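Each protein sequence line maps, in turn, to chains A and B.
First residue of the first sequence: 11, per the working numbering; consecutive thereafter.
First residue of the second sequence: 1154, per the working numbering; consecutive thereafter.
Please keep in mind that the hints were generated in silico from the structure rather than gathered at the bench.
Treat the hints with care, since some could be wrong.
Claimed, not checked - Mimicking DSS-like on lysine-lysine, the simulated pairs with C-alpha atoms at most 30 Å apart in a straight line are:
#1 A/K41 / B/K1289
#2 B/K1347 / B/K1187
#3 A/K176 / B/K1335
#4 A/K115 / B/K1335
As the list claims (entries may be wrong) - Pulled from the structure, derived: some chain B residues nowhere near chain A, Cβ distances all over 10 Å:
#5 N1155
#6 M1254
#7 F1292
Stated by the list, open to error - Stretches of chain A that chain B covers, calculated by requiring three or more beta carbons in the stretch to come under 8 Å of a beta carbon on chain B:
#8 27–33
#9 179–188
#10 283–291
Remember, predicted model here, so these are calculated numbers, not experimental data.
Note that CB positions come from ideal geometry on N, CA and C, so glycine has one too.
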Amino acid sequence: MNYNVDEKGYYGVFGGAYIPEMLYPNVAELKEQYLKISEAPDFQKEFKDLLKAYVGRPTPLYFAQRLSERYQTKIYLKREDLCHTGAHKVNNTIGQILLAKRLGKNRIIAETGAGQHGVATATVCALMGIECIVYMGELDIKRQAPNVARMKMLGAEVRPAQSGSKTLKDATNEAIRDWINNPVDTHYIIGSVVGPHPYPDMVARFQSVISEETKVQLMEVEGRDYPDHVIACVGGGSNAAGLYYHYLNDSRVNIIAVEAAGKGIDSGASAATSALGKEGIIHGSKTLLMQTPDGQITEPYSISAGLDYPGVGPMHAHLFRSKRAEFISVPDQEAMDWGLTLSQMEGIIPAIETAHAFAVLDLRSFGPEEVLVFNCSGRGDKDLNTYIDYFKL
Amino acid sequence: MNRIDQKFQEGKKLLSIYFSAGHPNLEDTVPVLKELQKAGVDLIEIGLPFSDPLADGPTIQQSSTQALRNGMTTEKLFSQLENIREEIHIPLILMGYFNPMMQYGIERFCSRCAQIGIDGLIIPDLPVDVYQEEYKSLFDQYGLYNMFLITPQTSEERIRFIDRVSKGFIYMVSSASVTGAKNTFGSEQTDYFKRIAALQLKTPTLVGFGISNAKTFTAATEHSFGAIIGSAFIKFLEEKGVGEIDSFIKSIR
Ligand SMILES: Cc1ncc(COP(=O)(O)O)c(C=O)c1O
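Given these sequences and hints, build the entire structure.
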């Protein structure tokens, strides 16, 4: 089976471009150009140079000694939290801003939930001197004040999304509407492996630097370039796609995806799309999404704003449906506890999204010679207020 | 013959009205249809509400949200329309996003539409290519037309393709924008209307998006077969109520 996108833009039955005609020229242009542009040597050089000098790549592959001892297995962390701006999101925004420039666009729009992708977009726009507008749900603007301030400092305009439930999915709707209204000069930088083809593949490719580096780094320390398990949290699924990318078709590697169960899968307040979602269409992509029996998209919940999305990218829907990946979901409480555990055992304060992934260690047992690579997708600075409230720090 | 084709043979400038089913009140759907027919409207587009209408501006978004709050569902709409053909004789088109139709089951959806006497569908997020490949035969089987959109950005090559596969009419989006009322059209729009008219398409065109009054209606229909009013009608309905529909229609033409 093929786990990469096919020539029609599908992963198995998932994906495609279910977009209004108004967006057809933009998406068709992207589809035609994204590989031509991003595989050209001058693009690759500029991309790699920026990832190195500006983002700080390669990020370390860190052997977590104390954690490995406790769980009697070999645990490595891919340190995306050490990227400039504090998460993996910037790998994608660097790639897309270079693409936007080559497409001759002079106005950038983006959606953001927690604000991480918004900050990463505002950052690359500042770097390139391009106008930047970030749509953010009105509720999220209130919940994520420090990231709103960051975006403003970086010169971006933050526009509140006031429609629907006023969170990430509505911010995405607003960004799409903006693109419909500004079809010529604007590029839309989507923040995860979601949206119409070619976005899921394009974002996955920009994030694939994560597993590209992992292969080289593992070879050095383990004498083989693949681990037994790759483990990542999945909101839309971009950090996971990056870590899985070069292992998708390598059957020696077990893939584990961790979703946010929120207050519990059956609580009515969850973001565990693989457990609760059905096939449908969200933001231009056929994928699994949480919805009512009548096909209205429902509002997800997770304590981590970055996992609070009612769908998953089509690649992940396919990995789930084909059983290539194992999907588990982890409730708020366990994720928060893991935030504390990782801080106190390894001296790494993770983003709450990231913390979800580590709960796998309590749910599965691994042999002493097995090699696990966790994607440490982001750092916890942005979540300090949530940690403070939760642990009464 | 499909009622839509019949309508286009009348040779006058057609007025089509869009409204969200179940808005302002859940049970307004049928009264609105009756008043529109009485007022002399030529076609009606019944909006099936969706939680995430990404091609729509604030007015239709809000009416859609309100309709859902009122309890509108796909099944509810079909039951409201069950006997509609006893009273409504003009073409009826359902307009909605694809996800609720998928959940209802596309074949079941088409079959209910045919049974009720719906003439066609407009599904903004179902691209013409996917329709052709996966759903066309089903729609044909149930005698349903599926209408497609074109915009000022659509290339001539694609317009020609859409024209070849279209039945009923082509929905000409007036400008690069989501739905919403405008007060005037500029020369850019007029040029676009003329450019499309000059293509001499086999399928007639109706202009939609941004039409709100007699002035925009006249401008839009000068080079097309008619025009569609949505947001301006919905606003009116919210403010004045079902009883005043006639005065709105009379103010347009
Ligand atoms: C640190 C971190 N990890 C993970 C995510 C989830 O996104 P994705 O699933 O696309 O990696 C986010 C999103 O904001 C994030 O900030």
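Check your understanding: What are the numbers of the hints that this structure violates, sorted from low to high?
Key -> 2, 6
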